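Asks: Can you make the complete structure from the sequences, with help from the hints?
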Amino acid sequence: MTTTTTTTKPVASREAFGNALEALGREFPHLVVLDADLSKSTMSMKFAKAYPARFLEMGIQEANMLGTAAGLALCGKIPFCCSFACFISGRFDQIKMSVAYSGAAVRIIGTHAGVGIGEDGYSQQGLEDLGLMRSLPGMLVLQPGDDVETEQMIRVLMTHRSPAYVRLTRQKLPRVHRDGYRFEPGKLDVLARHGTDALLLCTGGTVGPAVDAAARLAQGGGPRVTVGNVHTIKPIDADGIAALARECKRVITVEDHNVVGGMGSAVVEALAERHLVPVKRLGVQDVFGESGTPEELYRRHHLDAEGIADDVRDWLTRR
Amino acid sequence: MTTPTVADITQRKPPAWSLPPLDTPGSRAIPVDTLRRFADECRLDIVEMLCRAGSGHPGGSFSAINLTTTLFLDEMRHRPHEPRWPERDRLVLSKGHAVPSLYAPLAQLGYLRRDELWTLRRLGSRLQGHPANMLCPGIEASTGSLGQGLSVAQGMALAGLMDGKGKDPAFRVYCITGDGELQEGQVWEAAMSAPRHKVHNLTVIMDCNGGQIDGLVKDVLDLEPLADKWKAFNWHVLTIDGHDFVQFRAALQAARAETTRPTAIIARTTKGHGASLFEKDLVGWHGKTPTRDEANQVIAEILGRLG
Ligand SMILES: Cc1ncc(C[n+]2csc(CCOP(=O)(O)OP(=O)(O)O)c2C)c(N)n1
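Protein sequence lines correspond, in order, to chains A and B.
FYI, the working numbering numbers position 207 of the first sequence as 442, with every residue one higher than the one before it.
FYI, the working numbering numbers position 17 of the second sequence as 489, with every residue one higher than the one before it.
None of these hints come from the bench; they were simulated from the model.
These numbers were taken from a predicted model, which means no experiment stands behind them.
Incorrect hints may have been included.
Said to hold, decoys possible - Taking lysine-lysine pairs in the BS3-like style, the calculated list, with each CA pair at most 27 Å apart, reads:
no.	chain 1	residue 1	chain 2	residue 2
1	A	K284	A	K407
2	B	K639	B	K703
3	A	K284	B	K670
4	B	K690	B	K703
5	A	K484	A	K469
6	B	K637	A	K284
7	A	K515	A	K422
8	A	K284	A	K244
9	A	K275	B	K670
10	A	K422	A	K407
11	B	K639	A	K284
12	A	K469	A	K407
Replies: Below you can see the structure in the form of structure tokens.
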């Protein structure tokens, strides 16, 4: 069941999201989309054009947007609330009180995740959002790895009746899923099984690079790893991950997020209570982001295929 | 001063309110005397529940009780036996610390059993120290972090417009804020937003009781000229005596007649209104609960008024 990145044109998950919203507008008349002056970037613009009466331009008011979305959700609407991950997760108290603790099924969309946005630098890079959202009871936290998964996720969210956070990328992502793939919330998605020398877990922007890194390692004489896509960061598939960790004995996580609080943290927490194996967390090592091209930044933080492959090899041989 | 001894208020049987159906459009022309007595019965329950809880906020609960009484009895369409009736009007208490001003009328109207009031702030109670809509019937949104309720109310009002027919909203939405609360930036985000979205079925009522925690609002961070601020944000603005049922009823009626703009009602109130003990030190009684003796003193005063 070995998958490598396919040759279809790469698509940013924010773009797949924009397409999905537009496509679902007719089927779901209660779908309402809110944006805070970033609809061209979050791609909610497509829905705005197709369904202007159900698009709310909120201006640069993320706190008010979240509260408004909560009110809409509490009255039976299906609100999608869009902005950059950094700005929307920055309104944490509004998400905590008006959304999560009110049980308001707001679908919070944070685009421009991580250092993958490149040149704009740290202020625009959502690097803490997963940790924040993960700390709220009942919050579903999702991060798709390609366009196919994004579209399915958005459809699933139409009928999901509690608060959710979805983290999307600015940069284009290679497609890693074949036609016929079915996104199952809360279930680890095994993308490749080259072997059981280690379990390599990835999410969002690092899914493509991790799949590539695993293939390179296998071709270059090892180590041979199993690759898992953690699309659901909360509730994390603790049992699924623990079962594979038992087989593989070593786990490496890689994400475009601070290693403090992100997917790697969630994995460590899950394993600590089940089957603790050594875990190496690759990602942004608790430092601020900076300006640079997306490629340079993925290189610097070892989030590209080469960096991941090197780190996996080094860590496994050094242990 | 000797404290009057009063009978255990929890054993007092509240009057059987003979009210018209509450799911008809307001105003229902409830006699002012009924509103006054209902508010005072609620004050009795509030002082008792706060005394028993040993913590909570008497001043802001007492200043708001005439407002919540009028909304529940005279203005809002709702069904106590069907709290989640989809067409109900909604009330968001943005100044969540004054939640006893909701619990007491909700109990009088049958949303809650009255003896549940005495569980306020206790482990396992549905009556949390601040509103929790997932736990308690009749509570529409969880609040307690000041400044957020008006945005939530705006979202509800937008849903009411989307589900309405033409200019007729499916339901109306009310939001009560404090005056100190107006210092929060998010309030002004919502103030800027609601006229832009023409949510004319939204009414914000500011309980301007003049006090907050560290002092008087005018000393801590003055809001004046308050009416001018809301006017500048394009709201329909009315200023009333917030303890005068007739004035408040008229303001709500005027709000309902508006078909383009949201309405802002500046309700001038006194913190602790209805208990001379609380009124004497309106900053002091923000978040301090009465001792048994003090509570009895307040209860005796209210019982005296009720006759
Ligand atoms: C965001 C936030 N900051 C601080 C508090 C603590 N707090 C509780 S009540 C209060 C004063 C509120 O004053 P006001 O809005 O005038 O209410 P009222 O006088 O009617 O009780 C404060 C600062 C809070 N609940 N939320």
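Asks: Compare the structure with each hint and give your call.
Replies: Taking the hints in turn, this is what the structure says about them:
{"no.": "1", "hint": "A:K284 <-> A:K407", "result": "holds (23 Å)"}
{"no.": "2", "hint": "B:K639 <-> B:K703", "result": "holds (23 Å)"}
{"no.": "3", "hint": "A:K284 <-> B:K670", "result": "holds (20 Å)"}
{"no.": "4", "hint": "B:K690 <-> B:K703", "result": "holds (20 Å)"}
{"no.": "5", "hint": "A:K484 <-> A:K469", "result": "holds (23 Å)"}
{"no.": "6", "hint": "B:K637 <-> A:K284", "result": "holds (23 Å)"}
{"no.": "7", "hint": "A:K515 <-> A:K422", "result": "holds (21 Å)"}
{"no.": "8", "hint": "A:K284 <-> A:K244", "result": "holds (25 Å)"}
{"no.": "9", "hint": "A:K275 <-> B:K670", "result": "holds (24 Å)"}
{"no.": "10", "hint": "A:K422 <-> A:K407", "result": "holds (24 Å)"}
{"no.": "11", "hint": "B:K639 <-> A:K284", "result": "holds (24 Å)"}
{"no.": "12", "hint": "A:K469 <-> A:K407", "result": "holds (24 Å)"}
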